[in-house]
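Residues per chain are reported as follows:
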Amino acid sequence: MSKHIERVQPGEKIFDWLLLLLSIGILFEAFRIDGGLKLNSAGSFPVGLGLVMLASSLAILFSHRYKRRAEHLHHAAEEFQAFIRDHFKPYIVVFSVAAILYLAAIVWFSFYLSTAVFLAAMFIFLRRGKIISSLIITALAIGAIYALFTLVFRVYLP
Amino acid sequence: MSDSLSYLLMAWLDPSLLGLTALGVLGGIYIGAIPGLSVTMAVSILISFTFSWDINNALALMVGIYVGGVYGGSRTAILLNIPGAPSAVTTAFDGYPLAQRGEAGKAIGLSTIMSVIGGIMGTVVLAGTAPYLSDLSLQFAPRDYFLIAVLGLLLVSSLSGKSLARGIFAVALGATIGLVGMDPVTAQPRLTMGSMELMGGISYVAVMIGLFGVAEALYQLHNLAKVPVKQNVNKIVPPLNMILKFLPLSMRASLIGVIVGALPGTGGDIASLFAYDHAKRSVKNPSRPFGEGAYEGLVAPETANNAAVGGAYVPMLTLGMPGDAVTAVIIGALVIHGLNPGPMLMIETPYIFWFTVGNLALANIFLLIFGLTGIKIFSKIVEVPKSILIPLIVVLCVVGAYSINSNMMDVYWMLGFGILGYWLKVFGFQMGPIILGVILGPMLDESYRQAMSSVGDQGGQFLLSLFTNPLSLILSSVTILVLLSNTPLKGWVLARFKRQ
Amino acid sequence: MFKPLVTSIAIAAGALAFSGIALAEYPDRNIQGTIQWGAGGATDNVVRSLTPYVEDILGTTIVLTNRPGGTGVIGMNHVMRQRPDGYNLLFGAENPELYQLMGLADFTYDDMQPISIIAQGLVVIAAPADSPFNNLSDLLDYAHEHPGELRMGGTGAGGLPSTVHAMINAVDELDVRTVTFGGDGPGITAMMGDHIDFMPLSLAAAGEQIRGGKMKGLAVLTKEEIDALPGVPPITEALPNIADFLPWGPFWGVFVRKETPEDVVGVLQDAYQQAVASDEFTRFLRDYGAEPLNLNGEEAQQYLDNWQSVTAWSMYDADPDSLKATPEALEIPRPAAAKTKAAAEDEAESEAAAE
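Protein chains in written order, with the working numbering: chain A, 1 to 158; chain B, 159 to 658; chain C, 659 to 1013.
It should be emphasised that the hints constitute simulated quantities derived from the structure, not laboratory data.
A virtual CB, placed ideally from N, CA and C, is assigned to each residue, including glycine.
A portion of the hints provided could be inaccurate.
[Said to hold, decoys possible] Covered stretches of chain B (in silico footprint by chain A; criterion: 3 or more residues with CB under 8 Å from a CB of chain A, positions within the stretch not fixed):
no., segment
1, 197–205
2, 346–357
3, 383–393
4, 539–550
5, 554–561
Work out the full structure, taking the sequences as your base and the hints as a guide.
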């Protein structure tokens, strides 16, 4: 992804440490299946995979020894700021939160209602206005989904 | 013989069968293109719908949907990086970069031509060698499926991009996801953390939609302001010399597709992965580096997954055993219509075999027609501003994930994997290996344990069995060769060889 | 995006025409049907062939959805969480009767209201065509001399092969290597390639292969020879004591939540009784290797109780360690007739203790 392989991206080390934690967690869960390592049982593969994940995440962490932060980032605080700046731009945060609210709303209200609200709100938000055309696109999209899923395939939408 | 010929041409000459096949292909393309709507689902809905129909009409519609659906998965893979079906995952690797370069039309055109070539090849192999091929496929013991899965896992080296360690981590993560749920042998819950919802496992289509669709949508939010690439829609049908250039590759990929398809238990998804890997290993000078829009990376999986359709019909028509999930449902349809799918099907009702062969060929002709029309409009999807496209993709992903099993749980998993996929993408992980793990993990676990149980849980016996049976010996030799060629060992051996 | 819209509207119009006229009372809208097994399986086949007849009688559409996974736990769990208004049907096989025993879930069919027990499948113990065994006695003799050597195909704990294996073990001894497959289909494929030595299978899955000479039947799980498989001896020929467990087989049924109003249950029961009794469907079942039962109400409940008791106790007697709970703890009564090896021993012991 990055042009300088030897540079780590802001947050990369933390992420790779989290992967190590994930591997340990999976290994722990896998051991609980059989309560030990057996050659042919329900737990053999999960344990094996947990070990592979552990080994490869250690290898990833080890490779960081040869990598440095980007030059203009001098210490951890600056890296953290860069990380926030890159990945938590206001509109990304708003969109992600809206997407999560949308999923929650599907269960509480109906699918079509929450989809319509989500689409209309996001169109207007991301396109900064243009309310009329946003509403028209929303209506078209809802109509297409209704025709295809509810009428033709009789998929039971929540 | 004249009987066979008349059955073969039945679908071509009867207007209603002709029309139903066409309708099936057209419908199949869109079913395949929408993630979450699967051919399996469409065919099983059709069973109730066509209950009172004549069996030939029902079969014609199903064959059409099958052929169209396998192809349709590539549409969304190329245009939006959301594979419509697992067999189109590999198409996204190079197809999406092509669309980002403004060549969406050309990519769809090429994938159409190659799908048709693959489909026709699959049909020819089905017609010519079905009985022999099905005998061969029966020879594959659990240990051989185990070796195939191992061989498949070695593809990780060609899918993991710059960092092999990240690739291996991703494969293991994918395989772990694939194993969540009830253990198939002992019925113990595995990695479910006590949740009832997880007993049935995590749907891999949900994982796929999340990792590709949602992750890509989140990633594209960074490029919101960017003006979408202008699509060149003047050259849609690839020139003849281009098709001829890729013909040898597509023939090899077809062969991979039809054989993998004929094995009960493996289908188009695995076939296309193998074909992609084959292309990557065998093509020395691709049009562009693989993963950045190589035509070869589009040709190989697209031929292979359509060739696998013909392959999947091999065990179904000769033995009554399904070659994949779709043929399993078609067998159900035959049963409901009062036919007896089994080894006697070809003897008692031979017309079913020749009718299907003729119908498959016809469906591929329609695929060529429908595949090449409407490309211009489709390519324009890539030109839709991101601010409209991204919310629509999220909604499409939600509907797709929900319709797999009508379960909100799948939608939550899809979103979860979408967010995880975003971060993995940011930090240099590839999505391909994760899907590879999800597909192959359960197969590896199942076949390994079958093979171990067959030899009475003796590890030594198991290892011995991998080398003492002719078929297994071939597979394990290939596996070892591929392993050696992927490791520094190869350089070492070559260096010593040269010195001498 | 416009072309599909036109076609879809055309198809949609057709679909609407099919759905018929809604009635004023139940059912006044579409009914959701959940199949707890995957598309193309036995449960799916039976349900999809039955549904058109029921739709005709009820005058509504039954929207079928496959929700497979976790030996059917997923599908059943879904229906039990829907509103108990009769608009959510569960189409299931026999497995839920063993959920508590296997520790898979804390519910069984006792927690639901049976609408119809549609049919019972027949079971055949099959072997590859070139197998040295011609009947179950041959196989048992070999297994007694070479314990732990034969490879039996299975479908996992709680599956049909494991239950049949348990029944045999409850009256005799059969020590084999169990090779687990994803279902009947993959097991049959492995058998045709000689990768396993035998497998108990549903007749629906194995009948055609036996007829086509790709496999042979060693025994059918009945007291008498059956018309569908002439020449295959009944299992009681090799194991007379197993008769106490028979008739036994996998079954398929329709269920709703227990709290569903009585009149709704009545409408559904009548519709299903009529549909299952129809000539076409009965013929389909017989061709499919199944025995029509068409039970509802008290009869259905009795059938379920008896099935559960026979199966649970034979599994317990064969290998109590394979279960997560004892049938006793779950208050499943021991079948009155069955006199298994273990039961006889228990009795001898208690008699000895009494003395």
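Comparing the hints with the structure gives:
1. 197–205: holds (count 3)
2. 346–357: holds (count 4)
3. 383–393: Check failed, 0 qualifying residues.
4. 539–550: Coverage by chain A holds for the segment 539–550 of chain B (7 residues, Cβ < 8 Å).
5. 554–561: holds (count 4)
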